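Novice: From first to last, the protein sequence lines stand for chains A and B. Sequential numbering from 1 applies to the first sequence in my numbering. Sequential numbering from 1 applies to the second sequence in my numbering.
Bear in mind the hints are in silico, worked out from the structure with no lab data behind them. Be aware that one or more of the hints could be misleading.
Unchecked claim - Taking lysine-lysine pairs in the PhoX-like style, the calculated list, with each CA pair at most 25 Å apart, reads:
id	chain 1	residue 1	chain 2	residue 2
1	B	Lys120	B	Lys109
2	B	Lys248	B	Lys213
3	B	Lys109	B	Lys225
4	B	Lys150	B	Lys120
5	A	Lys396	B	Lys120
6	B	Lys225	A	Lys392
Stated by the list, open to error - Just so you have them, the derived chain A footprint on chain B, three or more residues with Cβ under 8 Å:
id	segment
7	95-105
8	130-136
Predicted model, so just to flag it, every value in this text is computed and none were measured. Just so you know, even glycine gets a beta-carbon here, dropped at the ideal spot from N, CA and C.
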Amino acid sequence: MSTLFRKIRYLDASAQSLHEGELLVQDGKIADFGPSLGNPDGAEIIEAEGAILCPGLVDLRAAIGEPGFEYRETIASAAQAAAAGGITSIAVLPETDPVIDDPALVRFLRSRGEETGSLTLLPYGAATRGLEGKELAEYGLMKAAGAVAFTDGSKAIASSRTMRLALFYASGFDMRIVQHPEDVELARGAAATAGPRATWMGLPSVYAAAEAICVARDIRLAELTNGALHFAHVTTAEALEHIRRAKEKGLNITCDTAPPYFDLNETAIGDYRTYAKLSPPLRVEADRLAVVEALKDGTIDAIASDHQPRDADDKRQPFAEAAPGGCGLATLLSVTLARVQNGDLSLPQALALLTAKPAAWLGIEAGRIAKGLPADLCLFDPEKSWQVQAGKLPGKAQNTPFDGRALEGVVLGTWKAGRRVYG
Amino acid sequence: MASLKHLLGIEGLNPASVTNLLDLAESYALLNRSGKTQRDSLRGRTLINLFFEDSTRTRTSFELAGRRLGADVVNMSVATSSVTKGETLLDTAATLNAMNCDLLVVRHKSSGAPALLAQKVGASVINAGDGTHEHPTQALLDALTIRRNKGRISGLTVAICGDVLNSRVARSNILLLTMMGNFVRLVGPPTLVPGSIGVNGVEIFHDMEEGLKGADIVMMLRLQKERMTAGLIPSSREYFAFYGLDRKKLAYAKPDALVMHPGPMNRGVEIDSEVADDAARSLIKEQVEMGVAVRMAVLETCARSNH
């Protein structure tokens, strides 16, 4: 079985600009690409009419409702949303019920991903048993079962002692620890970032410095243990400056951010809009600009969806009581492309942050256009516009912080190992 | 009279609408004093007092205001322990819609809860205090009390003292007083007076002598016992020594400065009885009296807009 994409624009692994040409998929793999590939026998022809063909997106961070919170989302529903968003691999957080802190559960998630036929699920193992922040989970056995890194998900590893042990122990297996960077004591009960807006709205708030305090401590612990450390959804200028300096120093530190943190600021929570209640909270404009700057200069290694499915009852509550988190699979590509349209990022930069870089971080054979790689592909029209509407997004989770946002960039089709799974 | 479907906060009002409400309230205050208390402008209307937080004073004040205007008044106190909090709020909204209530007075421990209800019910929603956000009728009754005693509600220096951080009364008062052209000073320990509350016309002090100097009005805030357990201040004894209002500290203000407190008072914590009960200086009783008049004005204005 083979497929020929004609009149595509694409980036090859080394390219810094778009090529026009064709790409051939055979037996689920990228067989060839170039200006013209002739007329291979029996190939299905996809006329792309100048649309961009990029590797399927690799999402470094998403929570999925299954197992345990199927009322919010199932794996099948997440797979539907992912395919519509051009995503073909997702690293999933362990904050399910049961918590993914056991090798059998890692294997279970892997195989549940395979069953979808459209999405590779790459499980994070819990950094501590039950995400309780106390005892280390079984890193060695979970790695053998296919865990990609270890994290307590949306909970920060609060204890310095536990963090030191986790980094030290994981280094023996060449594995990373992923931290939700937030000083837990400062952040307790917070619903917004500290400042005039939170004060006037009467919302419990957390200082932006709570992120930097945690980041600074953990960088020091990583240095102490020679461990590999990744900070998830970094949102503040101060924390990014710490990370920038740690990288200059040659420490094994990486980080990601998510679209809300470079596209929105705290004004989005006006009128107590709970869909814009996230963790970490949306920050002030100066922090948003710092995130954009860190995307430009390479301090940030990947853009993750930070998808957190919530149902209406989780969100239709007074702001302080509503569950934090936004869904983000269907909007990941388009919101990132907005940074290209306004000139902050080049298209190759933006796509690398969504594909090649997270794939390299995860150590998976994906995220690049190269011969012999699995044909995980996304075809999109960068000029076509659409409007985000909560209630009309693909999949079950509708809690988008981008409700009402007009975006450019529409996914026309998604292919997993050569098979069309969307469009 | 300006149209006002809901009263969710002082934010959203303008000087003209505040003046209108105060004028109407003033006329009710005079009628109330004359003993001609019964009117029928809200006859046939239903007012529901929906209190998710205990409050005897505010609820009674709204109840009295509603009855004096001839409304049918129902009190609902909703225990927050039995059901999941969010379910209670929206389930209750659905129930109230089914009852065709006209005026809904809401108190809730979460900021923004009345705003959420206002989106879900047909009734006019009046915020009777939400979390640490706003308590608009308190600010209006404070303004009326000040106006009656100082002859104006502009160009005055008002010192708001105590737990500003956790006070919805403070927020509504700051908004109203600055909007009307007064100078507001916030006085208290740094842990209770957030720097981020600064707006034009507001100054922050951590010392009572400096903060009260030249003040026309000294407005004390209630200090909740929980603030001590939360570690925001070390003890009530230390708090009273530095921030409690007694004769000595009141002497820093203008000689004719008047004292206010939204109640209920913690005597010997934020205010000394000698000051609180001094009829020549304290407006605390008049605040309660004006509370009924202001709430009558608010209920009538909202009812008319929602007709």
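Novice: Can the restraint linking lysine 120(B) and lysine 109(B) be considered satisfied, given a maximum Cα separation of 25 Å?
Specialist: holds (18 Å)
Novice: Checking C-beta pairs, does the segment 130-136 of chain B have three or more residues closer than 8 Å to chain A?
Specialist: holds (count 5)
Novice: Would the hint linking lysine 109(B) and lysine 225(B) be met if the CA-CA limit is 25 Å?
Specialist: holds (16 Å)
Novice: Check the hint pairing lysine 150(B) with lysine 120(B) against an upper bound of 25 Å on the C-alpha distance.
Specialist: Between lysine 150(B) and lysine 120(B) the Cα gap is close to 41 Å, so the pair fails against 25 Å, i.e. violated.
Novice: Between lysine 396(A) and lysine 120(B), does the CA-CA distance stay at or below 25 Å?
Specialist: holds (23 Å)
Novice: Decide if the proposed pair is consistent with the structure: lysine 225(B) and lysine 392(A), CA atoms, cutoff 25 Å inclusive.
Specialist: Violated, because 48 Å separates the two Cα atoms, which is more than 25 Å.
Novice: Taking only the CA atoms, is the gap from lysine 248(B) to lysine 213(B) under or equal to 25 Å?
Specialist: Answer holds: lysine 248(B) to lysine 213(B) is near 12 Å, not above 25 Å.
Novice: Please check whether the segment 95-105 of chain B has three or more residues whose CB lies within less than 8 Å of a CB on chain A.
Specialist: Our answer is that it is violated, as 0 residues pass the Cβ test (under 8 Å) against chain A, missing three.
The structure shown violates the earlier hints numbered 4, 6, 7.
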